[in-house]
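Basically the working numbering = 1-based index in the sequence shown + 70.
Hints listed in this document are in silico derivations from the structure and should not be mistaken for laboratory results.
Each hint should be verified, as a subset may be incorrect.
Here are the simulated DMTMM-like pairs of lysine to aspartate or glutamate, each with C-alpha atoms no more than 20 angstroms apart in a straight line [claimed, not checked]:
(1) Lys77 with Asp196
(2) Lys94 with Asp196
(3) Lys77 with Asp111
(4) Lys293 with Asp283
(5) Lys293 with Asp228
Have a look at the derived ranges for each label pair, beta carbon to beta carbon [to be verified]:
(6) Ala292 with Asn213: 52 to 58 angstroms
(7) Lys241 with Ala405: 20 to 26 angstroms
(8) Val305 with Ala126: 46 to 52 angstroms
(9) Thr209 with Thr152: 35 to 41 angstroms
(10) Ala319 with Gln225: 26 to 32 angstroms
(11) Lys215 with Thr101: 31 to 37 angstroms
(12) Asn72 with Asp315: 40 to 46 angstroms
(13) Ala319 with Lys241: 49 to 55 angstroms
(14) Gly234 with Pro291: 24 to 30 angstroms
(15) Ala292 with Arg114: 38 to 44 angstroms
For each residue, glycine too, the CB sits at the ideal point set by N, CA and C.
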Amino acid sequence: MNEIAEKNIAELLTQVFHHTNQHKAVVVFDTNCELASILTDAYRHCLPDAQFIDFAAHTPEAVLDIFAALAASDLVVLVQSTNFRLEAFRIRVELFKRGLKVIEHLHLVRMQGLELGYYIDALAYDAAYFRGVGHGLKTAIDNAKSGWLDSGGAQFPDAKLVFGSSFESAKLNVGDYRDMPNVGGQFPIGEVFTEAKVLEAVQGRVRIHAFGDTAFKVNRPAKPITLIVDKGQVVATEDSTPEFDTVLANIRAEEQVVWLREIGMGLNRAFTQTRTVSDIGSYERMCGMHLSLGAKHGIYGKPNFKRGDGTYHIDVFAVTEEVALDEQVIYRDGAWVV
Numbered sequence: 071m072n073e074i075a076e077k078n079i080a081e082l083l084t085q086v087f088h089h090t091n092q093h094k095a096v097v098v099f100d101t102n103c104e105l106a107s108i109l110t111d112a113y114r115h116c117l118p119d120a121q122f123i124d125f126a127a128h129t130p131e132a133v134l135d136i137f138a139a140l141a142a143s144d145l146v147v148l149v150q151s152t153n154f155r156l157e158a159f160r161i162r163v164e165l166f167k168r169g170l171k172v173i174e175h176l177h178l179v180r181m182q183g184l185e186l187g188y189y190i191d192a193l194a195y196d197a198a199y200f201r202g203v204g205h206g207l208k209t210a211i212d213n214a215k216s217g218w219l220d221s222g223g224a225q226f227p228d229a230k231l232v233f234g235s236s237f238e239s240a241k242l243n244v245g246d247y248r249d250m251p252n253v254g255g256q257f258p259i260g261e262v263f264t265e266a267k268v269l270e271a272v273q274g275r276v277r278i279h280a281f282g283d284t285a286f287k288v289n290r291p292a293k294p295i296t297l298i299v300d301k302g303q304v305v306a307t308e309d310s311t312p313e314f315d316t317v318l319a320n321i322r323a324e325e326q327v328v329w330l331r332e333i334g335m336g337l338n339r340a341f342t343q344t345r346t347v348s349d350i351g352s353y354e355r356m357c358g359m360h361l362s363l364g365a366k367h368g369i370y371g372k373p374n375f376k377r378g379d380g381t382y383h384i385d386v387f388a389v390t391e392e393v394a395l396d397e398q399v400i401y402r403d404g405a406w407v408v
């Protein structure tokens with residue numbers, strides 16, 4: 071496992087970040103879980119000249135002072151069992167403002183047992199795959215007038231969610247930062263996302279095999295839950311669980327209705343319907359489709375929503391049989407076909 075971690079991190083540093091010893095690197099880490107220790111050791115191997123900072127042995131002010139001494143295009147790596155509390159704002163955003171490259175590993179303590187290997191596998195970077203499929207999906211999405219998601223196959227033929235409008239300009243998280251203002255983000259990566267331009271044009275039925283619960287962990291019900299969507303809102307469910315009912319109740323208590331907003335296309339083949347990890351932010355890259363429930367989606371504005379509106383953005387993961395844009399199938403047999 072350690073050798074695989076070293077190999078995958080070396081690929082990220084060279085192929086994604088193009089890091090050399092011409093720039094400084096700082097790794098801030100903790101040792102509060104096994105995965106954090108494995109990743110820290112891998113970074114020590116790959117970045118022998120980096121400055122390593124044990125978060126428990128330094129004050130937040132001391133860590134921020136170290137960051138302040140860095141120059142644009144230097145690298146900061148954050149290896150966090152939970153989430154370092156450094157200042158009022160998200161530290162990654164502040165580092166980006168200074169022109170620094172950032173690799174952030176979050177909530178590593180949530181991964182245990184087999185999940186450690188799945189997470190480390192998900193750090194592998196296949197540039198041809200991620201960039202080829204990512205840009206292919208963006209082109210298809212940006213030019214499509216409609217689409218659909220089949221989550222039932224032959225056994226559940228009515229489980230089809232129809233996107234009856236064109237889509238917002240797709241965003242990429244595929245390790246290609248050439249046309250982006252910031253270099254880096256949360257890892258693992260591998261996602262293309264959009265949403266319907268007209269939210270009310272989304273309707274039908276979709277079966278989900280997992281969802282983010284109230285503890286921000288991946289919850290996998292014994293059997294898929296069916297969401298019934300009408301005019302862009304979840305209006306009913308079938309085969310729900312008490313945990314998922316709580317999620318819906320929380321959204322309705324704050325927002326009155328449950329909007330379906332994000333349309334996410336995960337590319338990371340290390341995560342599947344059976345190869346899961348508990349951290350929702352990591353599993354969001356799973357190869358297949360995920361959607362968000364709740365009004366919150368700060369990337370895209372809508373006539374009915376300001377960018378800051380909404381309290382909830384809950385990821386749910388669809389049983390993905392086929393996905394099509396303008397009747398052209400772009401996902402089948404567990405893989406993207408663009």
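Results of checking the hints against the structure:
1. Lys77 with Asp196: holds, 12 angstroms
2. Lys94 with Asp196: violated, 25 angstroms
3. Lys77 with Asp111: holds, 12 angstroms
4. Lys293 with Asp283: holds, 16 angstroms
5. Lys293 with Asp228: holds, 17 angstroms
6. Ala292 with Asn213: 52 to 58 angstroms: Violated: the Cβ-Cβ distance is about 40 angstroms, outside 52 to 58 angstroms.
7. Lys241 with Ala405: 20 to 26 angstroms: Cβ of Lys241 to Cβ of Ala405: about 21 angstroms, so the range 20 to 26 angstroms holds.
8. Val305 with Ala126: 46 to 52 angstroms: holds, 48 angstroms
9. Thr209 with Thr152: 35 to 41 angstroms: Check passed, 38 angstroms falls within 35 to 41 angstroms.
10. Ala319 with Gln225: 26 to 32 angstroms: About 30 angstroms separates the Cβ atoms of Ala319 and Gln225, which means 26 to 32 angstroms holds.
11. Lys215 with Thr101: 31 to 37 angstroms: violated, 52 angstroms
12. Asn72 with Asp315: 40 to 46 angstroms: holds, 42 angstroms
13. Ala319 with Lys241: 49 to 55 angstroms: Violated: the Cβ-Cβ distance is about 30 angstroms, outside 49 to 55 angstroms.
14. Gly234 with Pro291: 24 to 30 angstroms: Check passed, 28 angstroms falls within 24 to 30 angstroms.
15. Ala292 with Arg114: 38 to 44 angstroms: With a Cβ separation near 42 angstroms, Ala292 and Arg114 satisfy 38 to 44 angstroms, so the hint holds.
In this structure, the hints that do not hold are numbers 2, 6, 11, 13, in rising order.
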